[in-house]
Every structure is written in C-alpha cells, then in structure tokens.
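Number of protein chains: 2
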Amino acid sequence: MPSDIEIARAAKLKPIVEIAAKAGVPEDALHLHGKHIAKIDDRFIAELPKRQNAKLVLVTAISPTPAGEGKTTTTVGLGDALNHIGEKAVMCLREPSLGPVFGVKGGAAGGGHAQVVPMEQINLHFTGDFHAITSANNLLAALVDNSLYWGNPLNIDPRRIVFRRVLDMNDRTLRQIISGVGAPTNGYTREAGFDITVASEIMAVFCLARDLKDLEERIARIVVAYTPDKKPITAKDVDAQGSLCVLLRDAMRPNLVQSIDGSPVFIHGGPFANIAHGCNSVIATTTAMKLADWTVTEAGFGADLGAEKFMDIKCRFAGLAPDAVVIVATVRALKMHGGMAKTDLSTENVEALKTGLVNLGRHIENVKKFGVPVVVAINHFYADTDAEIETLQTAVKADFGVDAVICRHWAEGAKGAEGLARAVVDLVGRQASDFRPLYPDEMPLLQKVETIAKEIYRADKVQASAAIKKQLKEWEEAGYGKFPVCIAKTQNSFSADPTAYGAPTGHTLPIREVRLSAGAGFIVVICGDLMTMPGLPKVPASANIKLLEDGTIDGIA
Amino acid sequence: MPSDIEIARAAKLKPIVEIAAKAGVPEDALHLHGKHIAKIDDRFIAELPKRQNAKLVLVTAISPTPAGEGKTTTTVGLGDALNHIGEKAVMCLREPSLGPVFGVKGGAAGGGHAQVVPMEQINLHFTGDFHAITSANNLLAALVDNSLYWGNPLNIDPRRIVFRRVLDMNDRTLRQIISGVGAPTNGYTREAGFDITVASEIMAVFCLARDLKDLEERIARIVVAYTPDKKPITAKDVDAQGSLCVLLRDAMRPNLVQSIDGSPVFIHGGPFANIAHGCNSVIATTTAMKLADWTVTEAGFGADLGAEKFMDIKCRFAGLAPDAVVIVATVRALKMHGGMAKTDLSTENVEALKTGLVNLGRHIENVKKFGVPVVVAINHFYADTDAEIETLQTAVKADFGVDAVICRHWAEGAKGAEGLARAVVDLVGRQASDFRPLYPDEMPLLQKVETIAKEIYRADKVQASAAIKKQLKEWEEAGYGKFPVCIAKTQNSFSADPTAYGAPTGHTLPIREVRLSAGAGFIVVICGDLMTMPGLPKVPASANIKLLEDGTIDGIA
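First to last, the sequence lines map onto chains A and B. Using full-length UniProt numbering, the letters of the first sequence map in sequence onto residues 1 to 557. Using full-length UniProt numbering, the letters of the second sequence map in sequence onto residues 1 to 557.
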C-alpha cells in the first residue's frame with residue numbers, strides 16, 4: 001500500500017490557473033504563489049454575485065479517539081465525489097500549523113487518495129498567512145508594552161495586560177515568562193507569555209471577518225489590557241488596527257489549491273477549536289459558495305465542539321445556514337468508544353461496536369437540534385468486517401433514521417465516496433434544512449453555557465464560581481451580553497473528563513475561567529485544562545524531517 | 001516634487017516574467033509570487049554556467065549621518081544607468097526587516113526615481129524569507145529547551161544556552177526574559193531573550209551559504225549551548241539541521257523584482273551589519289554574476305564596517321573578488337562631518353565641507369588597501385551649490401587621485417547616473433582589481449581585530465580584558481582560529497565613540513565581548529553597545545500606517 005506522501009508525489013498536479021478557471025476564477029484575479037497555489041483577489045471576490053441555491057455541507061465527526069476518524073480526508077473525498085457525479089463542488093479546509101508539523105503529527109492535508117496538494121508547501125509556510133497573523137499579533141503586543149514604556153498615557157495596569165504574544169511553534173518554555181528583565185531600557189518587568197499562533201485572537205478575527213473593513217473594526221475592538229480600575233483598553237487605543245490590517249491584507253485573500261483528483265480546494269485560516277471556533281475563514285467559505293453549487297467544509301474536533309461552534313459562532317456571524325451535516329465515524333473508533341484498546345482494534349468485535357455506537361448516536365441527535373439534515377459517513381478501514389459494517393448501518397438507520405454510507409476515498413479516491421455524494425445530494429433534495437442556532441443572541445451568557453452543556457454535552461449542571469458569574473454579569477453590563485460563547489473543553493469526551501468515552505450523562509461542566517475575545521466577538525469559557533501553547537515530544541517529528549539530495553522534503557506525513 | 005511612494009505608484013510595472021527573460025531566466029525557472037515578484041529555482045541556478053568577465057561592483061558609503069547618504073538609491077541608479085548605456089547589469093540588495101517598517105523608518109527600497117518595486121510587498125512580508133528564518137531560528141531554540149526538558153541527555157548547562165529566540169519586530173521587552181516560569185511542565189526556568197530576526201545566526205548562515213548542502217552543514221555547526229564543563233553543543237546534537245533546511249528551502253531561492261526603470265534586481269537576505277556581515281545573500285550575488293556582465297551590490301553602514309565585512313567575510317567565503325567600489329557621499333553629510341548642525345545644511349558652507357572631507361578621504365584610502373579601484377558618487381541634493389560641488393570634486397581628485405561623479409538618479413532616474421556608470425566602466429577597463437582581504441586566515445584572532453582597528457579605524461590600540469584574550473585563545477585551540485572577525489561597533493564614527501565625526505585618530509578600540517558564530521563561520525567582536533533587539537519609538541510609524549478604502553497601503557515610506 002503506498003503511503004500518503006508517495007500518493008501525493010505520484011499525483012500529476014494541474015496548473016492552478018486551470019483549476020481556478022474550472023471554478024470560474026479568471027487568471028487576472030489570481031495572485032500566484034508558484035504554479036500550484038494561488039490567492040484570489042479580494043476585489044474580484046467582492047464583485048462576484050451571490051449564487052442562488054449554493055449549498056453548504058459541514059463535515060464533522062464523532063468524539064475523536066487515537067484510532068483516527070478521517071474528517072479532512074472525508075471532506076476531500078466527498079468534494080471529489082460530488083464533482084465526479086456531475087455536481088460542482090469546492091472544498092474549504094483549515095491551514096495546518098507549523099507547530100504540530102515539527103512536533104507530533106507530521107502533516108495535515110488529508111490522506112491516501114483524498115489529499116490536497118502540493119502537500120509539503122501546504123504543511124510548511126504555504127502562502128505565509130500564519131506568519132502574517134503572528135506578525136500582526138506580536139506588533140499589537142509590542143505596541144501595548146511600548147505605550148506602557150513611554151509614560152503610560154493610557155493608564156495600562158501592567159498586571160492586567162491580557163493580550164499575549166504568539167509563535168507558530170511548539171515551545172512550552174514560552175508559556176509563562178517574565179518579560180522586561182534587566183535594564184530600565186528593557187521596559188517594565190511583568191509576567192507575560194506566548195501562545196501558538198492558532199490560539200491568537202487575531203487568528204479568530206481573521207477567520208470571522210467578512211472583509212477588510214470588518215477585519216479592521218474587529219481588530220480595533222480587541223481588549224488588550226485594563227486600567228487599574230478595570231476599564232478595558234483596546235487595540236484602537238494603541239492605534240494598531242491600521243498597521244495590523246496592512247500586515248493582514250494579502251493573507252486575507254483565500255488560498256486555492258487542488259485535491260489530487262483535481263477539485264478546487266480553499267485552505268484558509270485555522271483557529272484552534274478550543275479557545276476559538278475551529279473553522280476555516282468566513283471569506284473562503286462565502287467565496288466558495290459564490291463559485292460552486294456545493295461547498296464542503298469541516299470543523300475541528302468532534303461535533304459537540306466543532307459543529308456546535310460552526311453553527312453557533314461562524315454561521316451566526318456570517319449569516320450562513322448549512323444544508324446538511326456529514327458525521328464521520330469509523331468502525332475502529334466506535335469500538336474504542338465501546339471500550340476496546342487501540343491495539344485490539346483489528347479484531348472483529350460487534351459487541352464493542354454496538355456499545356460505542358452511543359457516541360455516534362448522540363452526535364446525530366445533537367446535530368438534528370440545529371434543524372439540519374444528517375448523514376453518517378463510515379470511513380472504511382481494511383480491517384472492518386462485513387458484520388461490523390452491517391451492524392453499524394442497520395443500527396444507525398433503525399435508531400436514528402439516518403443513512404450511514406461506506407466510504408473508501410482513502411483507498412479509491414472520488415469513486416470511493418460516490419455513495420456518500422449521492423446520499424448527500426439525495427438528502428438535501430429531499431429534506432429542507434431548517435437551520436437555527438442553539439440559542440438566541442439575547443440569552444444571558446451563563447444560560448448560553450448551560451444550554452450547550454445540557455443540550456449537547458448532556459451535563460446535569462454547570463459549575464461556576466461566584467467570581468466567574470460576576471465577571472459574566474460585568475461583561476453583560478459592558479455590552480458583551482449578545483456574544484455567543486466558545487467553550488474550550490476536552491475533545492475526547494462529551495464531558496470535561498477526557499477518559500469518559502461513549503456517551504456519558506449526569507456529569508457536571510466545571511467552568512474554570514472565562515475570557516473576553518471582544519474582537520472575535522465571543523466569550524471563551526474554559527472547562528478543564530486549556531493548552532494554548534503545546535510542547536514538543538521527547539522525539540519530535542523534526543528529528544526525522546530532512547532535505548534529500550535532490551531537494552525533495554522527507555519526513556512530513 | 002512627488003514623494004517616493006507617489007513615484008512608486010505611478011511606475012508601470014512590467015510582468016516579472018518579462019524582467020526575468022531579459023536577465024536570461026526562462027519562465028519555467030520561476031516560482032511566481034504574484035505578477036511582479038519571482039523566486040529563481042535552485043536547480044536552474046546550479047546548472048547555469050559561470051560567466052567569463054562577470055564584474056562585481058560594491059556600493060558603500062562614508063560614515064552615515066542623519067543627513068542621509070543614499071547607498072541603496074545609488075546602487076539602483078548605477079544599475080539602471082549601466083543598462084541605459086548598453087551594459088547588462090543586475091542589482092543585489094538586502095531585504096528590509098518588518099521591525100523598522102513599523103518602528104522608525106518606514107520602508108527601505110531606494111528612493112525617488114531609483115527605487116525597487118513593488119515597494120509595499122518588498123517592505124512587508126515579501127516572499128516570506130524572514131518569516132522562514134524566524135521559524136527556523138525558533139524551532140532550533142525550542143529543540144534545545146526540549147532536550148533539556150526530556151532528561152537532558154546532552155548535559156546542557158541551562159546557564160550556558162547561548163542560542164536566543166528571534167522575532168522580526170521591534171520589541172524591547174523581550175530582550176531579556178525569564179522563560180519556563182510556572183508549572184514543571186513549562187520546562188526549566190532560566191534567563192533567555194529575543195533578538196530581531198536580522199540578528200539571528202540563521203540569517204548570517206542563510207546569507208553566506210553557497211547552496212542547500214552548505215546551508216545544512218553550517219546549521220549543523222551552530223553552537224547552541226555548552227555543558228557545565230564548557231564543551232560546545234551544536235544544532236546537530238539536537239537533530240535540527242534537516243528540519244531547518246526544510247524550513248529554509250524555498251527561502252533560499254533568490255527573489256527577483258525590478259527597479260522602476262525596469263532593471264532586474266535581486267533582493268535576498270538581510271543580516272545586521274553589526275552582529276553579522278550586512279550584505280545580501282551569496283546565492284543572489286553569485287546568481288546575478290552568472291546572469292549579467294555587471295553585478296551591483298551594497299553593504300550595510302559605512303565602508304569601515306560594510307565594505308570591510310563584504311571583503312573580509314563575504315568575498316572570502318564565497319570566493320568573490322570585487323572589480324570596483326563606489327563610495328557614496330553627499331555634500332550635506334560631509335558638511336555634518338565638518339561640524340555643521342543638521343538644521344543648517346541647506347546653507348552653503350565650503351569650509352565645513354572641506355573639513356568633513358577627511359571622512360570620505362579615509363574611506364577612500366581604506367578601500368584601496370583591499371586592492372580594489374575606487375570611484376566616488378556624489379549623490380546630489382537640490383541645495384548643493386556649484387562651489388561646494390566643485391570643491392568636493394577637485395579635492396577628491398587632487399588628494400586621493402579618484403574621480404567624484406555627480407549623480408542625480410533620485411530626481412532623474414537612470415539618466416542622472418549615466419556619468420557614474422561611464423566612470424565605473426572606464427575605471428574597471430583601465431585599472432585591474434588586485435583584490436586581497438585585509439588579513440590572512442592564519443592570523444591569530446586578536447591580531448585580526450588589531451589589524452582592522454589600525455588599518456581601517458586608525459585606532460592606536462585595542463583594549464581587551466584577560467578574559468576576552470583567554471576566550472579567543474580557547475577558540476583558536478578548538479579550531480576556530482581561521483575564522484574572520486566580525487566587528488560590531490557604532491556606524492557613526494571610525495572610532496567606538498558615535499559622536500566622533502570626521503576622521504578621528506589616536507583612539508582605543510575597546511572589546512566589550514566576543515561571541516562565536518560557528519555556523520556563520522566568524523567571531524563577533526563587540527565594541528561598545530550592541531543592540532540586537534530595537535525598541536519602538538514614542539510614536540511608532542505603525543500609528544500612521546493603514547489600509548485605504550480601495551485596499552491600497554498608506555504610510556509606508
């Protein structure tokens with residue numbers, strides 16, 4: 001069996017000009033980055049008319065396990081298959097972060113015969129969007145400390161600077177630092193820290209902004225610090241929004257690449273799915289919807305986090321309404337939810353599968369609460385048995401009235417996902433979406449958290465200290481009450497306990513901390529440990545990444 | 001009089017494909033970044049034959065003053081003029097850093113009618129080279145702390161980690177930090193710090209490497225830390241060189257742009273001229289010399305620093321020999337060297353000019369010591385009087401036997417520098433270069449410093465503590481004795497005192513500190529204050545940089 005990288009290298013890439021033309025984008029609207037990557041000009045996008053009946057399909061998944069589900073792969077496979085059966089589809093994915101590439105994961109651009117290319121560039125600097133976001137974030141951070149340094153005209157409380165610096169790197173030693181050490185010319189000594197770039201509020205803002213004007217307004221609103229009497233100080237107060245927009249102008253143009261099957265794919269933006277909303281940029285999604293009949297996109301982690309935030313944050317802000325949701329599951333992963341160890345997954349175990357099905361079932365029920373039709377994609381692995389697959393398909397249909405379609409895009413490419421593509425087309429034709437977010441803007445903040453906790457996580461209650469409740473009240477009084485909430489909790493379980501597989505009930509959702517993302521426009525609610533700057537493992541992926549004699553890159557994915 | 005930015009915007013840019021074709025680079029050897037910027041493929045470069053009689057011209061300057069000299073502008077003007085008089089010239093410049101763009105300076109891409117375009121992209125992220133260098137630097141730094149974290153198998157002394165992190169940003173509060181604060185999972189607490197990216201040893205290595213293989217070998221040799229008994233630990237010891245090369249592969253391809261007059265210009269690499277050698281990449285220079293009869297390049301700061309390092313470091317490593325040196329001077333700046341205040345410079349003052357001429361005279365004498373023919377370019381300003389210009393030309397000819405040519409490229413473009421171009425062609429035809437570095441590889445390190453101090457700076461002696469002498473001896477014993485020295489001192493004077501204008505003598509060069517750059521291949525000798533991380537001013541340039549309604553960038557340069 002060829003590896004992902006062998007398949008990617010064997011792929012004959014078409015010139016991106018050709019892919020763009022197929023998607024209706026003329027050459028003079030492209031900003032080329034080599035022969036196989038292009039950014040789409042913002043003026044071209046602004047002038048594109050809205051498309052009647054553009055359909056939006058979200059690909060999400062069961063609660064992730066170490067067995068792997070294949071959300072990106074399925075997004076690519078479904079898009080390719082839609083194009084194969086004569087529909088016109090464009091896919092929208094998130095950009096990978098450099099941190100994991102050199103840390104644990106290697107690359108992130110799909111897999112097998114459902115990949116996006118050129119794989120190495122996408123996984124490395126790509127078109128520099130994350131570098132632009134890093135620069136913008138760190139310019140804003142420097143401007144805050146600089147204002148403090150030059151006489152502190154804004155009355156910044158150095159203990160209450162909340163905007164952190166970022167690097168697109170896994171570097172645990174920067175999580176918590178003391179900055180401004182040494183000479184007085186080094187500024188005021190204070191506690192500070194770095195997050196990974198995907199956790200930057202600039203990343204969230206970048207992905208939610210509808211255009212450059214919206215970007216500037218959102219940046220201006222970012223709260224960077226407080227005065228000693230807790231009055232917010234914003235990016236506008238340090239005159240940052242203009243420069244940050246200049247740094248982000250080119251990055252805001254969505255990046256067009258291709259799947260190895262030749263479908264047009266936007267890869268643009270990549271906010272964390274915990275501290276932020278975990279979806280590609282609004283601009284990429286809305287552009288795709290102007291160009292194609294079908295836009296297939298994904299959201300980070302399982303449906304409890306990714307799909308919920310896609311609906312309640314991204315769609316709410318962008319005025320989008322998904323037409324269908326695909327929930328990806330694997331027999332292997334469901335068997336892990338049913339209690340099997342990872343090492344045993346190649347053994348047939350219908351009972352474990354039946355037990356684990358509760359996880360999938362709950363995600364189906366949850367997604368239906370948003371009024372959107374659902375279909376399940378069973379991402380096929382070679383060790384799956386007929387008995388397991390039949391059990392899964394039958395149960396999903398019987399218990400939840402939903403089709404579960406076998407997909408073999410990893411091994412077979414577009415052809416392997418044709419069944420799924422036809423099921424999606426059929427579903428959307430048959431069942432109109434009646435999309436509604438889970439809660440209205442007007443609901444008080446704590447009640448929004450409680451609604452998600454009860455409706456989606458099935459917790460009995462939400463635990464919040466008096467201080468947290470007071471903070472939420474203060475934000476409501478300061479005009480932030482209409483914000484949606486962005487819950488950061490473990491992706492491995494519906495509950496806050498990462499070891500609680502399956503479909504736990506009766507648990508409590510403990511709020512540890514709340515943070516205001518005034519630019520992004522949401523309140524981050526942190527439940528459990530939140531890692532905003534990962535570390536490198538004992539043997540980082542970097543140790544095996546190298547250039548070969550002929551200049552090709554070895555060791556990524 | 002139109003401003004730089006107005007001239008740049010009014011310029012009709014040719015497609016870079018056309019500029020490349022003129023320089024002999026076919027379209028399929030280009031990696032396009034939009035319509036007006038391209039990287040040249042490394043395999044194409046490797047296969048290009050060496051050009052017989054390729055000539056290399058260095059543009060350097062008198063000791064810089066606040067009056068401005070115009071080195072980049074003259075480099076562009078000279079190249080344009082060479083092309084105008086029927087020669088074939090390519091220019092090589094350094095890439096600007098983002099830090100100064102948002103700090104004090106605005107942009108850096110020449111000026112008037114002698115500019116490189118597209119100006120905004122060049123001054124912002126350009127092709128992402130500096131971002132790649134930042135990422136590579138910070139991955140290496142993270143790998144060092146990660147090795148310490150996971151059981152410290154290399155026996156790294158946390159007090160002796162010498163490799164610092166970088167950001168391409170002016171951020172004084174990061175100069176000196178305590179990292180690894182907080183939980184044990186945040187690593188070991190230690191003193192650390194950030195430099196600006198141009199001060200990274202990765203930047204110096206990037207600019208000195210002949211090809212990717214050389215790059216990998218140099219990276220492997222970088223000393224990142226020491227054991228408690230002072231044994232060096234290198235980048236190779238943390239398995240970094242492969243990943244760093246992968247991060248730098250695309251960046252290593254030289255960037256081709258155009259002057260507003262349509263000449264091909266490489267802009268590639270940009271190491272600091274204090275802690276490093278201050279010249280564009282060896283790869284860009286050697287590529288230009290394969291493509292054109294004339295390669296015109298520049299080096300940072302005045303000739304005492306820039307030209308000396310160009311000769312003793314860059315040319316030594318790359319096997320290059322310059323055919324001529326152009327020393328740029330202005331009447332205004334020489335009047336400052338003669339004691340005038342900046343505010344009075346528009347007044348004619350022949351006496352001040354005569355006094356200030358000593359600065360230019362000494363730079364001429366110095367450059368001649370390298371065996372390279374010299375011509376002076378007088379970069380004309382509108383307030384220069386005939387009497388002043390005549391005095392200057394006559395004195396330079398009489399006292400130093402060198403031509404001083406008036407240049408008006410700022411106001412008139414190529415036409416304004418035709419005289420200079422003809423003078424350079426004439427000089428090179430008439431006077432063969434007999435290039436030799438100032439000192440041989442074999443000279444002991446301290447003696448190398450003394451040689452530069454006496455021959456170039458005209459100091460009476462070098463002051464070095466016993467500890468510094470011992471350190472230099474130790475490095476000689478460890479095999480680093482053949483390295484050239486890279487002196488970091490103020491650019492404003494021949495001496496270590498920035499207020500000593502003109503041509504001071506009888507001074508002492510005080511060595512404050514020495515550092516090993518084992519990857520770059522030189523010893524940094526720090527004399528006086530060394531700023532490797534600038535701060536932002538009270539009103540940073542960023543406050544006036546913004547996007548206009550139509551998406552154009554306002555406030556850069």
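These are computed hints drawn from the structure, not numbers from a lab. Incorrect hints may appear among the rest.
No distinction is drawn between identical chains; accordingly, a pair holds when it is met within one copy or between any pair of copies.
Cross-link-like lysine-lysine pairs, in silico, DSBU-like; alpha carbons within 30 Å at most [to be verified]:
| # | residue 1 | residue 2 |
| --- | --- | --- |
| 1 | Lys461 | Lys12 |
| 2 | Lys231 | Lys546 |
| 3 | Lys538 | Lys236 |
| 4 | Lys35 | Lys14 |
| 5 | Lys213 | Lys538 |
Right, here's what the structure says about each hint:
1. Lys461 / Lys12: For Lys461 and Lys12, neither the intra-copy (54 Å) nor the inter-copy (66 Å) Cα distance is at most 30 Å.
2. Lys231 / Lys546: For Lys231 and Lys546, the Cα distance is within 30 Å only across copies (26 Å; inside one copy 50 Å).
3. Lys538 / Lys236: between (42 Å within a copy, 16 Å between copies)
4. Lys35 / Lys14: both (9 Å within a copy, 19 Å between copies)
5. Lys213 / Lys538: between (44 Å within a copy, 27 Å between copies)
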